[in-house]
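Participant: Going down the list, the sequences are from chains A and B.
Under the UniProt record's numbering, the letters of the first sequence match residues 1 to 495, in that order.
Under the UniProt record's numbering, the letters of the second sequence match residues 1 to 495, in that order.
Where hints are given, some of them may not hold.
With a Cα cut of at most 30 Å, we get these calculated DSS-like pairs of lysine-lysine [unchecked claim]: (1) K56(A) x K56(B); (2) K193(A) x K459(B); (3) K140(B) x K306(B); (4) K306(B) x K159(B); (5) K357(B) x K133(B); (6) K408(A) x K373(A); (7) K108(B) x K459(B); (8) K119(A) x K354(A); (9) K193(B) x K217(A).
Just so you know, the hints here were simulated from the structure itself, not pulled from any lab data.
Chain by chain, the residues run as shown.
2 protein chains.
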Amino acid sequence: MSEEHDPCTPITCGVNNDDDSSVVLDYHDIDEQVLQNMVYDALVWASLNGLVVGHKSLQRSGSVPGVGLVHAPFSLLPTAFPENHWRQACDLAPIFNELVDRVSLDGKFLQESLSRTRKADEFTSRLLDIHSKMLEINKKEDIRLGLHRSDYMLDEQTKSLLQVELNTVSSAFAGLSCVVSELHRSILSHYGKFIGLDSEKVPANSAVNQYAEALAKAWTEYNLPGAVILFVVQAEEQNMYDQHFLSVVLRERHGITTIRKTLAEADQQGELLPDGTLLVDGQRIAVIYFRAGYTPADYPSESEWKARLLMEQSSAIKCPSISYHLVGTKKIQQELAKPNVLERFLENKDDIAKLRKCFAGLWSLDEPDIVRKAIESPELFVMKPQREGGGNNIYGDAVRETLQKLQKEGSQGDAAYILMQKIFPNISAAIMMRNGSLHKENAVSELGIFGAYLRNNDKVVLNNQSGYLLRTKVSSSDEGGVAAGFAVLDSVYLT
Amino acid sequence: MSEEHDPCTPITCGVNNDDDSSVVLDYHDIDEQVLQNMVYDALVWASLNGLVVGHKSLQRSGSVPGVGLVHAPFSLLPTAFPENHWRQACDLAPIFNELVDRVSLDGKFLQESLSRTRKADEFTSRLLDIHSKMLEINKKEDIRLGLHRSDYMLDEQTKSLLQVELNTVSSAFAGLSCVVSELHRSILSHYGKFIGLDSEKVPANSAVNQYAEALAKAWTEYNLPGAVILFVVQAEEQNMYDQHFLSVVLRERHGITTIRKTLAEADQQGELLPDGTLLVDGQRIAVIYFRAGYTPADYPSESEWKARLLMEQSSAIKCPSISYHLVGTKKIQQELAKPNVLERFLENKDDIAKLRKCFAGLWSLDEPDIVRKAIESPELFVMKPQREGGGNNIYGDAVRETLQKLQKEGSQGDAAYILMQKIFPNISAAIMMRNGSLHKENAVSELGIFGAYLRNNDKVVLNNQSGYLLRTKVSSSDEGGVAAGFAVLDSVYLT
C-alpha cells in the first residue's frame, strides 16, 4: 500500500483477481439487511463452535477455561486470494520444513550467523547459550518435530508472493483457523447466493487435525507407553482455546493426554531421570510442545531459563528444539536470503529456486549501501527487531530516525535489527467482527501456511503442508498498510 | 428430602440404584487429581462446543451473540437414574402429546376449569380472553404443533416416577441438553476407567435435531415457499444459545430461515393479510415458535397482548396455540388428575393407567379437607401459583402461612394456586460447575422428557419422545429439597 491511498475509501473489492476481470463484490456494498443477518448468524455460529478467546478485560479469562469468553475477532467473509499464489505457498511448506531441519543440524552456521546479534540482543544470547551447551555435550536429537508456519503477503506491485517470516516456535491458530474456514463455508452455504459467492471456493482447512496427528506420531515414535505431551504455556493465555482444540483432538482421536505447564512450573516440577527421560509433576513427557518461551517476557526470572535448559537436555521430543527455534530468527532468515547460502543446505535446484522466488529483500545493518538507501526512502523498508511476537516492527519515518540514532551511537545495537523490503499488499474492503460489533475497514491480508515435519533418524515420518491461516489487518497509511489497527482471523476465497 | 437430613453430609451416592446393590461411586470421593483434570477438560469442552450462556452481569450478553459468554452451569458427571423409570418417562411422552391435543380441542373444558383462576390471576385471565375470542370466531387450527417437556422426579419413599409439571410453551434446553449429554460421554470416554463409569450408559440425546425436525415438518405442512419460522423471544435472553442451536440446525440441515422478534416488535412489524397469512417485517411466517410470552413479565404493555392476539388470529402454525398454552397451566394439570377426567379425552385404558400412575396428588384450594391437612402438615405439600417460570413455588411453613392468610382474606385469591403432593426425591452427591468453579453439593434431580407432536387435520405427522434433559439442583432443607440453590444442566446415567 502506498501512502497516498485514503484509508476511508475502498480501493479494491473484497473478491477480486489480479486483472480485475472477475470482480464479484465490494464487501462494503452488501445490502444492509443481508449484512445484518449474516453478522448475527456468524456471531451465533462462532459462539456454538468454539471460535472464542478470553476477553482481556475479564478476570480469570486467561487462566480458567469457560469464563470471560468472547468470540475471536474474525472476518465476516473470506478474503479473495489468487489460486496460483495460494498453491505456490502450499507447495513451499515441505521445502521450508526440510530447510529448517537441514539448517538446524549446522550448529556452527547458527552460532556464527547470530554472533553479532548475540551482543545486541540479550534474549537471542540466552538462546544461543543453551544451543552452545548442547553443542558442547554433542547432544543429538534423533527424533525431530517441526510445526512451522510460513507467513506471506502478496506484493501488489510485483504480483508476487513474498515471505514475511517463518515461525518455528509456537505457530499459533491451527485450531481457530479451521473453525473460521468452517464458519465461512457455513455462512456462504446460506448467504452465498445473495452475494454471488460459492462456499466451495473456501479451501477446506484441516490444520488442527494435521498438527494433532504430527504430535501424535511424534508421541508414537518416542514410544514410551503412558507418557504424555507437555504443552508449555503462558500463565495468562487468552488464546487458550486455539491450543485446547489440539488437546481435544489428541485426547479424543489419538487417546493421548496432554498436560499444561508454565516454564516456572516446569522448573519447579521437572526432573531428569538418568536415562534422559523428562518427568514433570511425576509424569513422563514424550513431547514438549512450546506455546510459550518465544519472547523475553516469558522468562521473568532465572527459573524459566533453567526449565528451558532442563527440557533441552532431556530426551523428550522438543517442538521446537533450541536449534529449530534459532532457525526461525529474523537474522537467519536474512542470512538464508544471501546469495549461495541456500545451496549449502539443499541440493534440489527447483526447490532452491522456489524458495528464492518468495524471499523479499533482506539485509543486515552492516551493509552501508542499504542503510543509506533506507534513510533516503524509509517507506520502502521495514525494520525488524529480533524480538518475536509481532507489533515491534518499525515503519516509515521511524526507520530513518532509528537508523540515524544507531549510526550516532556507533555501537553493536544495529545487530539487533534487520532491514526488509517493504511489501505493498493489495488492500481489500473487509468486514471485521470484534467484540460483537461490525467494522467496515480497508485491510491487508497475510497468508500463513502451516507445515508439519517429523523425522526419526534417517526416516522422514511426515513432511507436509497442514492447512492455513489468513489474518486480515486494518490497513493504515501511518504504517504503510501493515497492522496498524487490529487483526482478525480470516480464510481464503480462491479466485 | 426430609428436613432432618444434614445437607452437608452426602446421604446417597452419585451413582446408585434403588436397592443400593450396585453402588459405583460417591462423586465426592473421587481422587482430587482426577477430579481437577476432569474439571479442566470439561470446562474446555464446554467452551469449544457451545455449552454457553450469556453472563448476566456483562453488558450486551443477553442481546448480542458472541459477547459476555460463560459456560452454562453443568454437572461434571451424569447422575444415576434407574433405567426402568427412565423408560417409563420416555414412554409417557407420546401419550401426553396426544392428551394435550385432545384437551386443547375442548374449549369449554378449558374455559370452565379456569373460570375461578381467571378471577384470581390477571395473566391467565388475559390468555383466556384470547382463547374466548378464538372460540367466538370459531377459529380452527388444522395444523397443530406441540413441543412439550414433561418434568418428573423420582419419589424416594414410594419409588415412583411422579410428574412435576407439563410444559407446553417455551420448553427450554433442547439445544444445551444434547451438548451436556455429549460432554458427559466425552469425559467418561477418557476418565470413565478411573472412576468405574461407562460412557455408553449415558443415553444419546437428539433433542435438538428432533425439535428442529418437528419445526421443519410443520413448515413443510404449512407449504408456503419462502416463508420463515418466527422465534418469539425476550429482548434480553442469556439463554439464547440454547435457542440458537435450533436455528442453526433449521438453517444447515433443513434450509429454513428463522427470524427473532420480541412481542413488541411483532406488534410493530406484524400485519395480517386478508387470507390470514402473518407478515412480520415483510416476511411471511409459516411457524411461530414462542420462547417468550409465558410469563406476565413478557407483557409489559398492551402492545405485547396485541401481538399475541394478532398471531393467534393468523393462519401461521403456533407453537403453542393459545389452547395448547392453557392446557399446560397448573390448574388444568390438577383438573386432569381428578377421577374420571382423563377418560373424557382418551380411550386407551392402558394409556390412561400409565398417565395416572405418574400423577402426584393435586388439589385445588376449594377442597377444605386438603387445605386443613396442608395447614397441619405443610411439609407434605407444595403450593404452586399459576405463574410460570419457576422459583415461585411455596414450601414448608410458608405453605401454612399463605393458606391461613388466604382463608382470612376470604377472597378468590385461593384460585391462583393449587396444592401438590410434596415429592421426596433421592439426594445424590453432585459436582456442580458454575462460573468456572467447582461446587460439591448434595443435590436432587428433575428429569424432563421432550415430546414433539404434529398433526394436520386427521393426519398425525409426528408423535414422539424427542430427547431429554436432566436438571440437578442444590438440595436445601429449607425448601425441602427442591431448588433452593442453583441448578445445573445434567444428563442421565442409566443404572
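Participant: Hint by hint, note whether the structure agrees.
Facilitator: Hints and how they fare:
1. K56(A) x K56(B): Cα-Cα ~18 Å, so holds.
2. K193(A) x K459(B): violated (36 Å)
3. K140(B) x K306(B): holds (20 Å)
4. K306(B) x K159(B): Given that 30 Å is the threshold and the Cα spacing comes to 47 Å, the pair is violated.
5. K357(B) x K133(B): This hinted pair is violated, its Cα atoms lying about 36 Å apart.
6. K408(A) x K373(A): holds (17 Å)
7. K108(B) x K459(B): holds (24 Å)
8. K119(A) x K354(A): violated (33 Å)
9. K193(B) x K217(A): Distance of about 24 Å is within 30 Å: holds.
Violated hints, in rising order: 2, 4, 5 and 8; the structure is consistent with all others.
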